[in-house]
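Colleague: For this one, chain U is given, so just place chain X on it according to the hints.
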Amino acid sequence: NAGVTQTPKFQVLKTGQSMTLQCAQDMNHNSMYWYRQDPGMGLRLIYYSASEGTTDKGEVPNGYNVSRLNKREFSLRLESAAPSQTSVYFCASSEMDRSVYEQYFGPGTRLTVT
Amino acid sequence: GESVGLHLPTLSVQEGDNSIINCAYSNSASDYFIWYKQESGKGPQFIIDIRSNMDKRQGQRVTVLLNKTVKHLSLQIAATQPGDSAVYFCAEIRGNTPLVFGKGTRLSVIA
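Chains as they are written, first to last, in this note's numbering: chain U, 1 to 114; chain X, 1001 to 1111.
Be aware that a few hints might be false.
Listed next, the stretches of chain U that the computed footprint assigns to chain X, with coverage defined by at least 3 CB atoms under 8 Å from CB atoms of chain X [to be verified]:
{"id": "1", "region": "37-51"}
{"id": "2", "region": "103-110"}
Some but not every residue of chain X turned toward chain U, in silico, with C-beta under 8 Å [to be verified]:
{"id": "3", "residue": "G1016"}
{"id": "4", "residue": "A1024"}
{"id": "5", "residue": "K1042"}
{"id": "6", "residue": "P1044"}
{"id": "7", "residue": "F1046"}
{"id": "8", "residue": "F1089"}
{"id": "9", "residue": "P1098"}
{"id": "10", "residue": "L1099"}
{"id": "11", "residue": "F1101"}
{"id": "12", "residue": "G1102"}
{"id": "13", "residue": "K1103"}
No lab work stands behind these hints, which were simulated from the structure alone.
Owing to the predicted nature of the structure, the values given are computational and were not obtained by experimental measurement.
Backbone N, C-alpha and C define an ideal beta-carbon position, used for all residues, glycine too.
Just chain U, same shape as in the assembly (with noise of 0.2 Å):
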């Protein structure tokens, strides 16, 4: 088992460019989430998406969307990226069962907007 992948590893942005930040899980989890992690911080939930077809926004859902393409995937999509978006990003699963709560995080892409 790989866990959950994420692609790519480092990323470089110019202002108001676009990306596409892909992660996937093979542990046949139900929930999928985004998070960031900026310096000196913990990690802050993006998006979240508990089933396969839905999603929900999580503390700072602004300047990104996301799809949950299928049970396997989540991508987290940048339409206008900005400065403020460098951050290193974290893509995890978990069973999401009440007597289950453990997130398995992938390894993070670091993304820096110049």
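Modeller: Here is chain X on its own, set in the frame of chain U:
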């Protein structure tokens, strides 16, 4: 707003000593807490969890203590090793909402 926080941003301990990382939470409705470890350049990794109806839970070299009276959570690491150097996050769950993470404590192990 209500949030999960940490008392100390950095902690340095001698190899072999015990480490205690603290976390305060403000929402008494939180019913589940998790500790994550994040090594440099990697995603967070689950360490241990505890439900709000418990006071203590032990894992391998780690113990989590929950004091609901003062809304305080701690992670104890026994015989700290260089491989324990990382940032540690506590996170809470309230009902069916996703995890809320604290800012993290950096643990540095001195050989």
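Colleague: Can you list which hints this structure breaks, lowest number first?
Modeller: Numbers 3 and 4, in rising order.
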